[in-house]
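Protein sequences, first through last, are from chains A and B. Numbered as in the numbering used here, the first sequence ends at 358 without a single skipped number. Numbered as in the numbering used here, the second sequence ends at 314 without a single skipped number.
Honestly, I wouldn't trust all of these hints.
[Unchecked claim] The following residues of chain A were derived to be distant from chain B, with all beta-carbon distances above 10 Å:
#, residue
1, His43
2, Leu44
3, Gln65
4, Ile76
5, Asp133
6, Val206
7, Arg240
8, Leu268
9, Tyr330
10, Gln351
[Said to hold, decoys possible] Pulled a few chain B residues facing chain A out of the computed Cβ check, cut under 10 Å:
#, residue
11, Leu29
12, Phe30
13, Gln202
14, Ser210
15, Glu241
16, Glu242
17, Ala305
Calculated from the structure, these hints are not laboratory results. Where is the CB? At the ideal position from N, CA and C, for every residue including glycine.
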Amino acid sequence: MATSKSHGVGGIAFDMPKRHWPNEMNVLIALILIVGIFEVLGHLMMGQSFLFDTSGRSGSIFNEQRLRIIILQVSIVGIIAIGVTQVIISGGIDLSSGSVAGAAAMIAMSFAQVAEVNGNANPTLALAPWATDLPVIVPLVIGILCGLLAGMINGALIAYTGIPPFIATLGMMVTARGVAKWWTEGRPISFPTDGYRVFGDGLMPVFIFAALAILFHLVLRHTVYGKHTYAIGSNEDAARMSGIKIGRHKVLVYTIAGILAGIAAIVLSSKNLTAQAGMGMMYELDAIAMAVIGGVSLSGGRGSIIGTVLGALIFGVIISGFTFLRLDAYYQEMVKGGIIVAAVVLDQWRQRRAALGP
Amino acid sequence: MKKLILGAITAALMSTAAHAENIGVSMALFDDNFLTVLRNGMNDYAKTLDGVSLQVEDAQNDVAKQLDQINNFIASGVDAIVVNPVDTSATEAMTKAAESAGVPLVYVNRQPINVDTLPDNQAFVASNEQESGTLETKEVCRLLEEKGKNPARIYIMMGELSNQAAVMRTQDIKDVMKSGECQVELQIIDEQTANWSRDEAQDLMTNWLSTGEKFDALISNNDEMAIGAIQAMKAANISMEEVIVAGVDATQDALAAMEAGDLDATVFQDAAGQGKGAVDAALKLAKGESVEQKVYIPFQLVTPANIGDYKSKN
């Protein structure tokens, strides 16, 4: 990870992190600091440890339940954040992911319903009786296809009409939310099949998040796809001159982000055993914030999946920490906002210093 | 009373069968389960009436957008307007706009801040929010006493803190505690918001469970959060026999959870009834008749004993 080499593409070198001290280390230190603050405050305010098991309930040195929830509660937005991270690295932005997840959840869930609940017909039936008790592969594929389609439209708009990513994905954000509401005219869709319940059951969201994070870490670091993504984000003109097919690559980047939103939709609706038109609201902003806190530069070309995962963990620690201290949600939002701004300020400062340095 | 209004309207309708009534409806937001039932209640009712057409718009939780919609309704010459306010403190301007244009206005579900100073051709149809939290809390008290848990330790899950129903229902819990109407002593361990959302409630409950604190009951401001909490407790292998969980709304999901023995009490707010009442009031006002300015549709407690009556209502 601590790469200090430059990659050459078609003879043109572009910027990979050149420091020996990787950016992710700073995020990790921030995470440890925040955990430390909660640990200290826990002892002062609650007479309890934040991370460690002082009651001997679980028979382990850590409070395992808390460790689990810290990760579990950010896993679904985390899946979206993986897609958003590679979009931002490519120099773009994706504002549509939360709405796309909402729409995909509604559509997928309507193919995942059971016919009967407690001996009566499913009271939230979205489509028709033929669409009940289907094999789990049907909603799974449909959910992913919804995300894929939305992402592909985003990418095509950005690559071939030249409108800025902000506008294209803003349009998709509004459109997809409209689709989510229109699908059942706002009614919730509940009571999924046993097969569909698997994706959100227990720690499954964490496993899916972790697997996708590892996969995309490898993809971004070690494949041509990843190298081209960094290249386009660093300097689009240089990348074009070096022979990268910018348009096609951008469509791919946004399509993958869409697929990840589709996967998040399936996990989200499965975990909650329901799909609702308002689902995934503001997830796009949380996802972007996780990436930014994790050191992904909004100007493109820099950042990593590891950083985003750490950013997500910081989110999780803050949510759990505030509940642990029994502090009101108001403070939580204020602190979250402050951390996002601080992360960007820090990033700017580091960039300036790097530019001035030898 | 309702029958009387209905009768009057039917009579009025028959006498003016040729005259079509256009009602503009501005809903706070479409993607809310409860408001969707309310909206469908209005639509279904309007379909049964001859010559009444509804034009329903979505204010998307935006106060400014809602005022624009009302002004657009006025400009297009509707006979009456029904508003489900985005923000209950932003109704002053809506009342003025409709009043100066002479168009009748009916607020539905959320109590406008100027409810006591509404002009004659405006009205308010809703349920008395105070009933919901009170009914819910009293039932929890009764169940706790039945189990012999005194004092009882409870968690409170609140809706969005900027929302009046959340504030009110939480206040109801404390009022019941203070008034001595609770048979057992309630000790609040913690009260937090989960923003009406099942997903956030799952996480909040899991966070609570990670503190290892023992508790006897959860009082939630709505059913979605109660269900989220139940899912989290089940995932942590907590016996639902031991914990009392109560919500508000009586949604289909909540009724299923009650049948499964997980949810102990919920409160039915007659959304469709409110929608119907609002359309009724709007039609009467459009004809220049007078209506009661505050029409209250009662809340009803739902327990495993009477669940059968509610399964087809929401």
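Review point. Looking at histidine 43 (chain A) again, its CB stays over 10 Å from all of chain B?
Key: 14 Å, holds
Point to revise | Minimum Cβ-Cβ distance from valine 206 (chain A) to chain B exceeds 10 Å | key: Valine 206 (chain A) clear of chain B: closest Cβ-Cβ about 12 Å, beyond 10 Å.
Practice item. Please confirm whether leucine 44 (chain A) is truly not at the interface, meaning its C-beta sits more than 10 Å away from all C-beta atoms of chain B. Key: 16 Å, holds
Point to revise | Assertion that aspartate 133 (chain A) lies outside the chain B interface [Cβ separation over 10 Å] | key: Non-interface label on aspartate 133 (chain A) holds, nearest chain B Cβ at 17 Å vs cutoff 10 Å.
Practice item. Please settle this one: arginine 240 (chain A) was flagged as non-interface, so is its CB more than 10 Å from every CB on chain B? Key: Holds: least Cβ distance 40 Å, greater than 10 Å.
Practice item. With a cut-off of 10 Å on the beta carbons, see whether leucine 29 (chain B) makes it to chain A. Key: Leucine 29 (chain B) check passes; min Cβ-Cβ to chain A is 8 Å, inside 10 Å.
Check your understanding: Does the nearest C-beta of chain A fall within a distance shorter than 10 Å of the C-beta of glutamate 241 (chain B)?
Key -> Where the cut-off is 10 Å and the nearest Cβ of chain A is about 18 Å from glutamate 241 (chain B), the hint is violated.
Point to revise | Interface hint for glutamate 242 (chain B), Cβ within 10 Å of any Cβ on chain A | key: Since chain A brings no Cβ nearer than about 17 Å to glutamate 242 (chain B), farther than 10 Å, the hint is violated.
Review point. Are alanine 305 (chain B) and chain A close enough, Cβ to Cβ, to be under 10 Å, as the hint says?
Key: 16 Å, violated
Review point. Any CB of chain A closer than 10 Å to the CB of serine 210 (chain B)?
Key: 4 Å, holds
Review point. Going by Cβ atoms only, is phenylalanine 30 (chain B) closer than 10 Å to chain A?
Key: This hint holds: phenylalanine 30 (chain B) lies near chain A, its Cβ roughly 5 Å from the closest one there, short of 10 Å.
Practice item. Take a quick look at glutamine 65 (chain A) and tell me if its Cβ sits farther than 10 Å from every Cβ on chain B, holds or violated. Key: 4 Å, violated
Consistency with the previously given hints fails for numbers 3, 4, 8, 9, 15, 16, 17, ordered from lowest to highest.
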